[in-house]
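Colleague: Next come the chains, spelled out residue by residue.
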Amino acid sequence: DTGVSQDPRHKITKRGQNVTFRCDPISEHNRLYWYRQTLGQGPEFLTYFQNEAQLEKSRLLSDRFSAERPKGSFSTLEIQRTEQGDSAMYLCASSLALGQRSYEQYFGPGTRLTVT
Amino acid sequence: AQTVTQSQPEMSVQEAETVTLSCTYDTSESDYYLFWYKQPPSRQMILVIRQEAYKQQNATENRFSVNFQKAAKSFSLKISDSQLGDAAMYFCAYNQGGSEKLVFGKGTKLTVNP
Chain A
1 DTGVSQDPRH KITKRGQNVT FRCDPISEHN RLYWYRQTLG QGPEFLTYFQ NEAQLEKSRL
61 LSDRFSAERP KGSFSTLEIQ RTEQGDSAMY LCASSLALGQ RSYEQYFGPG TRLTVT
Chain B
1 AQTVTQSQPE MSVQEAETVT LSCTYDTSES DYYLFWYKQP PSRQMILVIR QEAYKQQNAT
61 ENRFSVNFQK AAKSFSLKIS DSQLGDAAMY FCAYNQGGSE KLVFGKGTKL TVNP
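These protein sequence lines map, in sequence, to chains A and B.
Its first residue numbered 1, the first sequence is counted upward by one per residue in this note's numbering.
Its first residue numbered 1, the second sequence is counted upward by one per residue in this note's numbering.
Heads up, a few of these hints could be off.
Unchecked claim - Each computed EDC-like pair below joins lysine to aspartate or glutamate, with the alpha-carbon atoms no more than 20 angstroms apart:
{"#": "1", "chain 1": "B", "residue 1": "Lys109", "chain 2": "B", "residue 2": "Asp86"}
{"#": "2", "chain 1": "B", "residue 1": "Lys55", "chain 2": "B", "residue 2": "Asp86"}
{"#": "3", "chain 1": "B", "residue 1": "Lys101", "chain 2": "A", "residue 2": "Glu104"}
{"#": "4", "chain 1": "B", "residue 1": "Lys78", "chain 2": "B", "residue 2": "Glu52"}
{"#": "5", "chain 1": "B", "residue 1": "Lys101", "chain 2": "B", "residue 2": "Glu17"}
{"#": "6", "chain 1": "A", "residue 1": "Lys11", "chain 2": "A", "residue 2": "Glu104"}
{"#": "7", "chain 1": "B", "residue 1": "Lys101", "chain 2": "A", "residue 2": "Glu83"}
{"#": "8", "chain 1": "A", "residue 1": "Lys11", "chain 2": "A", "residue 2": "Asp24"}
{"#": "9", "chain 1": "B", "residue 1": "Lys70", "chain 2": "B", "residue 2": "Asp31"}
{"#": "10", "chain 1": "A", "residue 1": "Lys71", "chain 2": "A", "residue 2": "Asp24"}
{"#": "11", "chain 1": "B", "residue 1": "Lys55", "chain 2": "A", "residue 2": "Glu104"}
{"#": "12", "chain 1": "A", "residue 1": "Lys57", "chain 2": "A", "residue 2": "Glu68"}
{"#": "13", "chain 1": "B", "residue 1": "Lys106", "chain 2": "A", "residue 2": "Asp24"}
{"#": "14", "chain 1": "B", "residue 1": "Lys78", "chain 2": "B", "residue 2": "Glu17"}
{"#": "15", "chain 1": "B", "residue 1": "Lys70", "chain 2": "B", "residue 2": "Glu29"}
{"#": "16", "chain 1": "B", "residue 1": "Lys106", "chain 2": "A", "residue 2": "Asp86"}
{"#": "17", "chain 1": "B", "residue 1": "Lys101", "chain 2": "B", "residue 2": "Glu29"}
{"#": "18", "chain 1": "B", "residue 1": "Lys109", "chain 2": "A", "residue 2": "Asp24"}
{"#": "19", "chain 1": "A", "residue 1": "Lys71", "chain 2": "A", "residue 2": "Glu56"}
{"#": "20", "chain 1": "B", "residue 1": "Lys101", "chain 2": "A", "residue 2": "Glu52"}
{"#": "21", "chain 1": "B", "residue 1": "Lys101", "chain 2": "A", "residue 2": "Glu68"}
{"#": "22", "chain 1": "B", "residue 1": "Lys70", "chain 2": "B", "residue 2": "Asp26"}
{"#": "23", "chain 1": "A", "residue 1": "Lys71", "chain 2": "A", "residue 2": "Asp7"}
{"#": "24", "chain 1": "B", "residue 1": "Lys73", "chain 2": "B", "residue 2": "Asp26"}
{"#": "25", "chain 1": "B", "residue 1": "Lys109", "chain 2": "B", "residue 2": "Glu17"}
{"#": "26", "chain 1": "B", "residue 1": "Lys101", "chain 2": "A", "residue 2": "Glu44"}
{"#": "27", "chain 1": "B", "residue 1": "Lys101", "chain 2": "B", "residue 2": "Asp26"}
Hints listed in this document are in silico derivations from the structure and should not be mistaken for laboratory results.
Required output: the full structure, derived from the provided sequences and hints.
Modeller: What follows is the structure, given as structure tokens:
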């Protein structure tokens, strides 16, 4: 396994459409994170999973956003009724938790979403 | 809420020289971690260096070192013997103990001139 992978790398959609992104973490990692990065900004935390449980969600994650990690492996992030403000890079990261905390989050290449 | 501030949107350095990137943070917590991440153009973010708040000794990773001033809430990154491959966006990030969330600054774009 060479790292965190994300699919697709680029997505162009029209306003109002639904989109789904996939993230495959490093295989032995039990924690998975989603971040959003807009132009000129640092990444902003959206949510994270420990195995299949979603343990923390940001207020940025509106009701149009939903994330799942059904079998504790890959994760999907769905955005319903996309808006132009959703245009951003969506980053996935994973980490290995030993005990209560993990120390390094490994990031994927991101999915760049453009809403027209 | 914790915030991370990087006051230098862009920096440049000559190859083989040393450059320091600044970062300040705001927190009332005592248990936290600080990170510097590097994001090369069109490539994924990678961890450069990590500092635990309870450690007084500054972290070092090869050519990369930090100056951690806990009382001043300052966490600067020094890159020695700069190389062309160091050119990237550098993000300072904060992680509060008990949370998995990383809080990032806006980043500093580093250019390395040959």
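Colleague: Next pair to validate is Lys71(A) with Asp24(A); report whether the Cα-Cα distance is within 20 angstroms.
Modeller: Holds, at roughly 12 angstroms.
Colleague: Within a Cα-Cα threshold of 20 angstroms, do Lys55(B) and Asp86(B) meet the stated pairing?
Modeller: violated (27 angstroms)
Colleague: Verify the proposed pairing of Lys109(B) with Glu17(B), using a straight-line Cα cut of 20 angstroms.
Modeller: Within the cut-off at roughly 16 angstroms; holds.
Colleague: Please work out if Lys78(B) and Glu17(B) have their alpha carbons no farther apart than 20 angstroms.
Modeller: holds (11 angstroms)
Colleague: So if I understand the rule, the pair passes when the alpha-carbon distance is 20 angstroms or less; does Lys70(B) with Asp31(B) pass?
Modeller: Distance ~11 angstroms between Lys70(B) and Asp31(B) Cα, so the pair holds.
Colleague: Tell me if the straight-line CA distance from Lys109(B) to Asp86(B) falls inside 20 angstroms.
Modeller: Roughly 10 angstroms separates the two Cα atoms, so the pair holds.
Colleague: Check the hint pairing Lys109(B) with Asp24(A) against an upper bound of 20 angstroms on the C-alpha distance.
Modeller: Measuring from Cα to Cα gives roughly 29 angstroms; hence the hint is violated.
Colleague: Would you check the hint for Lys70(B) and Glu29(B), treating anything up to 20 angstroms between C-alpha atoms as holding?
Modeller: holds (11 angstroms)
Colleague: CA of Lys101(B) to CA of Glu68(A), is that 20 angstroms or under?
Modeller: holds (18 angstroms)
Colleague: Within 20 angstroms, alpha carbon to alpha carbon, are Lys101(B) and Glu44(A)?
Modeller: Measuring from Cα to Cα gives roughly 9 angstroms; hence the hint holds.
Colleague: Does the alpha-carbon distance linking Lys78(B) and Glu52(B) stay inside the 20 angstroms limit?
Modeller: holds (17 angstroms)
Colleague: Measure nothing beyond the straight line between the CA atoms of Lys101(B) and Glu52(A); if it is 20 angstroms or shorter, mark the hint as holding.
Modeller: holds (17 angstroms)
This entry does not satisfy hints 2, 5, 6, 7, 13 and 18, going by the numbered hints stated previously.
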